[in-house]
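S.K.: Residue numbers (the numbering used here), protein chains in the order written: chain A, 22 to 178; chain B, 7 to 223.
Simulated from the structure, these hints should not be mistaken for laboratory data.
Note that the structure is a prediction, hence the values are computed from the model and not measured.
Where is the CB? At the ideal position from N, CA and C, for every residue including glycine.
Listed below are several chain A residues computed to face chain B (Cβ distance under 7 Å; list not exhaustive):
#1 Ala75
#2 Val76
#3 Val130
#4 Asp134
#5 Ala145
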Amino acid sequence: MTNITVNGKPHQVDADPNMPLLWVIRDVIGLTGTKYGCGVAQCGACVIHLNGDAVRSCVTKLSRAEGQHIVTIEGLSANNDHPAQLAWNEEQVPQCGYCHSGQIMSAAVLLRDNPNPTDADIDAGMAGNICRCGTYQRIRKAIHLAAELQRKGAASK
Amino acid sequence: MKHQNQTHTRARVSIKTLAVVGILLIMTGFMAFTFDNGGKHNNDPVSSPVAVKKDSAASVKAFKQVYMVLMSARCMNCHPSGDIPLQGDDSHLHTMSPRRGIDGKGVYAMKCSNCHQAANTPGLHTPPGNPNWHLPPAGMRMVFQGRTPHQLAKQLIDPKRNGNKDLKKLIAHADDGLVMAAWNPGEGRSLPPMSHDAFKKAWITWLTTGAYAPKGK
Numbered sequence: 022m023t024n025i026t027v028n029g030k031p032h033q034v035d036a037d038p039n040m041p042l043l044w045v046i047r048d049v050i051g052l053t054g055t056k057y058g059c060g061v062a063q064c065g066a067c068v069i070h071l072n073g074d075a076v077r078s079c080v081t082k083l084s085r086a087e088g089q090h091i092v093t094i095e096g097l098s099a100n101n102d103h104p105a106q107l108a109w110n111e112e113q114v115p116q117c118g119y120c121h122s123g124q125i126m127s128a129a130v131l132l133r134d135n136p137n138p139t140d141a142d143i144d145a146g147m148a149g150n151i152c153r154c155g156t157y158q159r160i161r162k163a164i165h166l167a168a169e170l171q172r173k174g175a176a177s178k
Numbered sequence: 007m008k009h010q011n012q013t014h015t016r017a018r019v020s021i022k023t024l025a026v027v028g029i030l031l032i033m034t035g036f037m038a039f040t041f042d043n044g045g046k047h048n049n050d051p052v053s054s055p056v057a058v059k060k061d062s063a064a065s066v067k068a069f070k071q072v073y074m075v076l077m078s079a080r081c082m083n084c085h086p087s088g089d090i091p092l093q094g095d096d097s098h099l100h101t102m103s104p105r106r107g108i109d110g111k112g113v114y115a116m117k118c119s120n121c122h123q124a125a126n127t128p129g130l131h132t133p134p135g136n137p138n139w140h141l142p143p144a145g146m147r148m149v150f151q152g153r154t155p156h157q158l159a160k161q162l163i164d165p166k167r168n169g170n171k172d173l174k175k176l177i178a179h180a181d182d183g184l185v186m187a188a189w190n191p192g193e194g195r196s197l198p199p200m201s202h203d204a205f206k207k208a209w210i211t212w213l214t215t216g217a218y219a220p221k222g223k
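My request is simple: use the sequences and hints to build the entire structure.
M.R.: And the structure:
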């Protein structure tokens with residue numbers, strides 16, 4: 022049994038410790054918002070937060086998560102109202118949408134570590150998330166908007 | 007009265023003598039303890055002084071071997087001239103352009119350990135692994151790419167450019183976990199051009215014969 026916490030909820034997982042975390046999250050726990058893309062950490066579709074780091078769950082073994090805290094796209098905010106989620110909606114970023122849970126999870130780490138990112142910062146932070154539809158310009162625009170929303174949110178608190 | 011005074015004087019002398027002898031004994035004991043510890047210290051191979059026997063010809067010859075290894079993809083790929091690591095046997099820029107970051111461990115959502123696990127991920131084109139995967143930090147970039155043998159040799163022994171390593175630390179670095187990872191690179195990646203044992207022998211020979219830099223610029 023491996024003990025992990027996913028989106029604040031503790032789970033005892035009866036699975037091979039070598040099983041990719043992505044399999045555990047999708048097939049064992051049943052949270053399917055995180056997507057399988059390449060399976061070799063090349064595309065970013067499977068990004069989740071492991072203790073706040075944007076790890077790629079397709080190559081991260083369950084054993085690495087023992088006793089750790091995982092956040093998936095379903096747990097990023099209580100009401101789908103993380104600034105990145107709001108900005109993604111506002112800018113109508115997705116086309117097919119498959120990569121965007123990974124995109125948003127990476128953007129959330131960028132916005133946490135750098136609340137006012139430049140275009141260069143966005144390029145550096147998001148370079149590992151590939152979008153086959155080529156929505157990169159809208160992603161960049163949405164991250165700038167999310168930064169603005171985040172600042173306004175912080176100011177209103 | 008005179009006899010009484012003499013007795014007092016003798017008593018004072020003997021007390022003084024006793025005190026001096028006592029202090030000497032305590033000091034001797036303390037020194038013996040210190041030297042004993044020092045002796046043990048000297049038997050520790052890590053802290054023993056490194057014997058250097060200068061031999062410029064042997065040193066330069068050994069460095070040629072060292073240079074071959076350090077400039078191989080397995081070593082140079084993480085010692086790039088820019089802030090993006092290199093990748094593959096042809097040392098191309100790492101796909102996705104991960105950046106060095108201040109601590110050498112990446113930036114934002116692009117931290118090395120987000121993909122590189124504690125061990126190699128099985129399969130071709132998967133991330134190789136190590137618990138300490140990183141580039142040299144921004145403040146001590148330790149570039150190998152593009153360095154001539156002369157430049158690299160000078161850099162390697164300069165504490166201001168080698169991560170503050172003295173001779174002992176340089177020798178120990180041959181067995182560093184991340185250095186050793188070069189000989190366990192994961193599927194589909196070539197090994198350095200000689201065994202780790204042969205590299206270590208050349209490395210130590212170079213350092214203990216004077217760490218001479220080959221001639222040139």
